[in-house]
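Engineer: Residue numbers (the numbering used here), protein chains in the order written: chain A, 1 to 287; chain B, 1 to 307; chain C, 1 to 593.
Hints are computed from structural coordinates only; laboratory data are not their basis.
Take the hints with a grain of salt, since some may be wrong.
Unchecked claim - Subject to a maximum C-alpha distance of 27 Å in a straight line, what follows is the list of computed DSS-like cross-link-like pairs (lysine-lysine):
hint : chain 1 : residue 1 : chain 2 : residue 2
1    : C       : K60       : C       : K7
2    : A       : K174      : C       : K7
3    : B       : K226      : B       : K122
4    : C       : K378      : C       : K278
5    : A       : K174      : C       : K75
6    : C       : K335      : A       : K115
7    : C       : K443      : C       : K278
8    : C       : K195      : C       : K278
9    : C       : K60       : C       : K75
10   : A       : K174      : A       : K115
11   : C       : K335      : C       : K278
12   : B       : K122      : C       : K60
13   : B       : K122      : C       : K78
14   : C       : K60       : C       : K78
15   : C       : K335      : B       : K122
16   : C       : K443      : B       : K226
17   : C       : K195      : C       : K335
Predicted, not measured: the structure shown is a model, and the values here were computed from it.
One-letter residues, chain by chain:
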Amino acid sequence: MNAWFALAGAGAFRHLHGGAAIRVSTGILLIIAAAALLGPMLSPHDYFDTDFEQRLKPPTLDEGRLFGTDDLGRDLFVRTLSGTRITLLVAVVASFVSLAIGVAYGAIAGYAGGKIDAFMMRIVDALYALPFIFLVILLMVAFERNVLLIFVAIGAINWLDMARIVRGQTLSLKHREFVDAARLIGVPPVVIVFRHIVPNLLGVVVVYVTLTIPQAILVESFLSFLGLGVQEPQTSLGALVNDGVSQMERAPWMLLIPATLLAAVLMSFNFLGDGLRDALDPRQRRR
Amino acid sequence: MLRFAFVRILSAIPTLLLVVVLAFLMVHAAPGGPFDDERVLPPENARNLQAAYHLDESLPRQFGRYLSGVMRGDLGPSYHYRDYRVSELIGAALPLSLMLGLLAMSLALVVGISAGVVAALKRNTMLDRVISGLAMSGISIPVFVVAPLLVLVFALQLRWLPASFSGGAGGWRFLLPVVALSLPQIAYVTRLMRASMIEALSSDFVRTARAQGLSTLSIVRYHAMKPAMLPVVSYLGPAIAAVLTSAVVVETIFGIPGLGQLFVRGGLNRDYTLVLGIVIFYAALVIVLNLLVDLLYGFLDPRIRHR
Amino acid sequence: MTLLEVKGLTIAYAGAREPAVDRLSFAVNAGESLGLVGESGSGKTQTALGILGLLPPQAKVGGQVLFDGVDLLGKGVKILNRYRARRVAMVFQDPQQALNPYLTIGEQLRRVLLEHRIVRARDTRQRAFELLRRVGLPDAERQYRAWPHQLSGGMRQRAMIALALSCEPELLIADEPTTALDVTLQAQVLQLLQKLRAESGIALMLITHDLGVVAGNCGRMLVLHHGRMLEQGLTTTVFQSPVQEITRAMLAATVSVDDPAPPAPAASGSPPVLSVDKLEVTFSDTRFGWRPQTAHSAVRGVTFSLGAGETVAVVGESGSGKTTVARAIVGLALKGRGTVSLSGESLAGRVRFRPLDQRRDLQMVFQDPVASLDPAMKVGRIIAEPVELHEPRLGRAEYDQRVVAVLGRVGLDDSLLQRFPHELSGGQAQRVAIARALVLEPKVLICDEAVVALDGTVRRAVLDLLQAEQRRSGLSLLFITHDLAVVRQISHRVLVMYMGRICEHADNDALFRRPRHPYTRALMDAVPVADPTRGPRPAPGVGEVSSAGIPSGCAFHPRCEYAQPRCRTERPELERIDGSDVACHRAGEIDLR
Chain A
1 MNAWFALAGA
11 GAFRHLHGGA
21 AIRVSTGILL
31 IIAAAALLGP
41 MLSPHDYFDT
51 DFEQRLKPPT
61 LDEGRLFGTD
71 DLGRDLFVRT
81 LSGTRITLLV
91 AVVASFVSLA
101 IGVAYGAIAG
111 YAGGKIDAFM
121 MRIVDALYAL
131 PFIFLVILLM
141 VAFERNVLLI
151 FVAIGAINWL
161 DMARIVRGQT
171 LSLKHREFVD
181 AARLIGVPPV
191 VIVFRHIVPN
201 LLGVVVVYVT
211 LTIPQAILVE
221 SFLSFLGLGV
231 QEPQTSLGAL
241 VNDGVSQMER
251 APWMLLIPAT
261 LLAAVLMSFN
271 FLGDGLRDAL
281 DPRQRRR
Chain B
1 MLRFAFVRIL
11 SAIPTLLLVV
21 VLAFLMVHAA
31 PGGPFDDERV
41 LPPENARNLQ
51 AAYHLDESLP
61 RQFGRYLSGV
71 MRGDLGPSYH
81 YRDYRVSELI
91 GAALPLSLML
101 GLLAMSLALV
111 VGISAGVVAA
121 LKRNTMLDRV
131 ISGLAMSGIS
141 IPVFVVAPLL
151 VLVFALQLRW
161 LPASFSGGAG
171 GWRFLLPVVA
181 LSLPQIAYVT
191 RLMRASMIEA
201 LSSDFVRTAR
211 AQGLSTLSIV
221 RYHAMKPAML
231 PVVSYLGPAI
241 AAVLTSAVVV
251 ETIFGIPGLG
261 QLFVRGGLNR
271 DYTLVLGIVI
281 FYAALVIVLN
291 LLVDLLYGFL
301 DPRIRHR
Chain C
1 MTLLEVKGLT
11 IAYAGAREPA
21 VDRLSFAVNA
31 GESLGLVGES
41 GSGKTQTALG
51 ILGLLPPQAK
61 VGGQVLFDGV
71 DLLGKGVKIL
81 NRYRARRVAM
91 VFQDPQQALN
101 PYLTIGEQLR
111 RVLLEHRIVR
121 ARDTRQRAFE
131 LLRRVGLPDA
141 ERQYRAWPHQ
151 LSGGMRQRAM
161 IALALSCEPE
171 LLIADEPTTA
181 LDVTLQAQVL
191 QLLQKLRAES
201 GIALMLITHD
211 LGVVAGNCGR
221 MLVLHHGRML
231 EQGLTTTVFQ
241 SPVQEITRAM
251 LAATVSVDDP
261 APPAPAASGS
271 PPVLSVDKLE
281 VTFSDTRFGW
291 RPQTAHSAVR
301 GVTFSLGAGE
311 TVAVVGESGS
321 GKTTVARAIV
331 GLALKGRGTV
341 SLSGESLAGR
351 VRFRPLDQRR
361 DLQMVFQDPV
371 ASLDPAMKVG
381 RIIAEPVELH
391 EPRLGRAEYD
401 QRVVAVLGRV
411 GLDDSLLQRF
421 PHELSGGQAQ
431 RVAIARALVL
441 EPKVLICDEA
451 VVALDGTVRR
461 AVLDLLQAEQ
471 RRSGLSLLFI
481 THDLAVVRQI
491 SHRVLVMYMG
501 RICEHADNDA
511 LFRRPRHPYT
521 RALMDAVPVA
531 DPTRGPRPAP
541 GVGEVSSAGI
551 PSGCAFHPRC
561 EYAQPRCRTE
571 RPELERIDGS
581 DVACHRAGEI
591 DLR
């Protein structure tokens, strides 16, 4: 969030008239994130404690089992919240991996231009046609699974879009007359990139990151759903949904609670991204 | 246009080769051989097994053997289903998956494009808000949540439709899987179509058409539809990849003996050649379909065609 | 007979302080030609869109628009469509945007003909061919099959007019129909509109910012300012005795080619500040990469010099290479040959190889004032940046003082220092860009179409400002423009460029008194004169540049009425005739006065 306030000062955000979509979705995400961080501490249970006396208990206020228990008697309130924590962590870290690779790659290709640019973008085109998700599954099947690998794998999928967008922006900014003017004055190229190009690029990048996060969440949940993601007894929202599917006849809450939470997180990010994009749309900027 | 097509086709070959190399190396870098799980075999048998699968050869030789097989359409023997070639297994599972995917994509395009056009024409009305809201939910609820929920409601609670594919007969058993598979795609296409139609309708050339007294129907049909379709066409590539991915989930949940289920089983059984083969098959499919989409795009946009 | 009567038309947008159009009333009579004049933001385009019911839904519209006695305002699409195209048609400003890039010209024509059942389905082709021929597209069958991107700018606008005429309307509204075109094409399109009016008695409502266009083409005119009507009347009356102060200012701001040239600077005998020798720039089409954003044509050997305190104008149509010359001089062109020297020192070809003090002496002002300022920086930072870079040892207070001083010189208030570029008007933004260039006290300032985006009065003020700066500091100006009126007002010497070469190089007075090159003559004939008493003049008899590449011999020969066989094969070199340099085989024998 610090980054957010730093950006808010940059020129790109001057026009941000806080739409309701932005405020509401930011609020929901903050509440969910706070609950995921603090919730597990408030509960007397741990996410890995099994209690065979307490299997498949529906949600109740007794003993703080707000979300009930699963088929191993583990407390679902704690499991759901710590699963949310993992899901959010994976998504945010993966998005920043893709942000770092994508912005660097796109900005270099765009600013260098010419043959370097053409070559670099051909590589992106080729990778774009790869069905990455299947390679990731292959990776997960072949190797010991760990959370780090998931970060890397998801980041590796998402950076392509980021690179394309950043390159396009850099290219169009590079040919703008204010960059020519800076060159004539004698501003060195590195300073041009950081003083004149990057601040004008941030808006688009931030919007795109908010739209990348839900994609990363989807991939992580998908892998966990296939049993290829986070390992037991740790859990994530995708893994919890998978558990819920197997018990949905007997214990529908095991499916409905994590599914609702997952949808809420995804929808909030999508609304936030849409809202930011509309707010920064140059066409809306014009009077 | 011919040159454009030729360059595109030519650039697809290295991509495909890259997939084969990456996937092959990944499998061979995996810790543990394919037969580690077997009950302890006499060394004699183990050696025979290794030799039968050419695992005793050097990696480049194994790759050369594999690549020449791939070019002939042979993806090697399955480690798990010992009597079958991977190509045979894929061939057996493909028709069902293909049917599922085609039905889902058609449904997504028909419903998504119509809903998007209606929302764009009725922009900022109640109808538009309902369509946009549903579309937003559609892209936010993953398929592995949608599918079980559909089963829970329509099969387990209402008992209208069979819960699993094998539990039913006739066309009806396709309904839930196809709907589950297409819902997120309907949502994406709707959002794209709405946005691009609004963009097209606010373009200067549509204003010209309005000034010429063309009716709304004519404007949409003759002037706005083609440009508005372009983003949807370029989304077809990613959509195909997304449907293939989702099919893995849907086939697992509904117990459909298609390619996705085969893939998951292969993963669980550590059947490396099978998984490798399916990945390469998927990659080829995605690359070829992307190629077709690119050509279609070039056909629709005269400025690309004349380059 | 009154065809269209607008009564109290008011168009307002939520959030705007004042309505875009405020209680506007006027009438158009059958067969007449009415000019609607105003600077940008005066509401003239809004008025036109309002008449046809084409305003965006968020616009709030009041008043009456009576066409043939029927009020069209607020009517549904069904009723409006009985009037659109069939009785009132419209031609838009930019034909590149206004034609559908995904449909052939023929298909777009056919759709309109079919929609209004003008002819039977099987006759639509023939009818479309007739229309295309009528607007002067002779190869009608080919244009019918062409996509808009395959046509040149002038042909596109003709196709647009054919579309507007397809249902034989009684009134044609033309919204800045020639603003996106070169002068010679502008003259031809205006002539076409006059011809159509004479042939079919169609009434014309011509919307423009250019008083010269009105003077030559409209019998009556009305002047709009901030959405209100300032005055209306016969064009001759308004020009001779404008009632309103603002109209008078607008008329005074029109720069005419008949104005006196500025006095030449005292010949000091000192060597030129800037000299350019055999400059060549080529563009290679990169196969994979993107094309450069603006397609400049190549420069094929340009030599000239610029003295201290002197202004040289480079003039030519789009594609003449004039902008490329400017970019090559400052070191922004991609591939260049030849030498550029500043105060006798030869400069590196690319700006990044030039030392700081050389860069300081050579500054540039760009065409688009808004795009030339970093949107994420405040005005104060933008102007301070060059000073901080070139004089890093100065203190904060000194920087501030310099910025405020230069801001005063360009006529801006220091209250603007905390503003972002998007909060400035076009004129203010261009003054800031000039201030950024002047703060370094350069020897040479290159202005690339620096006033083209500005309205008449603002344009005049910016030109005055540059001249004042030249008198103050002996600045040399290289002024790139397509506008001969601007050339007349500001320059001492003129270079006329055509397809990458200089075709005439003369002193301001000599050029305008006696042009020597047929191309110069054509350019001058095409300039609309803000004098209604002169009446419409025939457009220069030149065709359009073909896209087929550079012709052999004299590049101008396909458009030249004086061309001889020799002109097709042999390229003329610049030759001195009575103090002017002219590249024309027949310059000595023909009289173009």
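Engineer: Confirm or reject each hint.
Structural biologist: Hint by hint, here is what the structure shows:
Straight-line distance between C-alpha atoms of K60(C) and K7(C) comes to about 15 Å, which keeps the hinted pair within the 27 Å bound. Of the pairs offered as hints, the one joining K174(A) and K7(C) is violated, with about 49 Å between alpha carbons and a cut-off of 27 Å exceeded. Annotation: proposed proximity of K226(B) to K122(B) holds, straight-line Cα distance about 19 Å (limit 27 Å). Between K378(C) and K278(C), the direct Cα distance comes to roughly 41 Å. Violation of the 27 Å bound is thereby established for this hinted pair.
For the hint linking K174(A) to K75(C), the alpha-carbon distance of about 47 Å lies beyond 27 Å, and the restraint is violated. Using a Cα cut-off of 27 Å, the hinted pair K335(C) and K115(A) holds, with the two alpha carbons roughly 15 Å apart. Straight-line distance between C-alpha atoms of K443(C) and K278(C) comes to about 22 Å, which keeps the hinted pair within the 27 Å bound. Distance check on the hinted pair: K195(C) and K278(C) sit about 45 Å apart at the alpha-carbon level, beyond 27 Å; violated.
A C-alpha spacing of about 14 Å is found between K60(C) and K75(C), which places the hinted pair at or below 27 Å, so the restraint holds. Between K174(A) and K115(A), the direct Cα distance comes to roughly 16 Å. Compliance with the 27 Å bound is thereby established for this hinted pair. For the suggested pair K335(C) and K278(C), the alpha carbons sit about 14 Å apart, so the restraint of at most 27 Å is met. Restraint check for K122(B) and K60(C): satisfied, since their Cα atoms lie roughly 19 Å apart, inside the 27 Å limit.
Note on K122(B) and K78(C): the hinted pairing holds, with a Cα-Cα distance of about 17 Å set against a maximum of 27 Å. Of the supplied pair hints, the one linking K60(C) and K78(C) holds, its CA atoms being roughly 20 Å apart against a limit of 27 Å. Straight-line distance between C-alpha atoms of K335(C) and K122(B) comes to about 52 Å, which puts the hinted pair past the 27 Å bound. Between K443(C) and K226(B) the alpha-carbon distance is near 54 Å, which puts this suggested pair outside the 27 Å criterion.
Taking the CA atoms of K195(C) and K335(C), the gap is near 45 Å; set against the 27 Å cutoff, the hint is violated.
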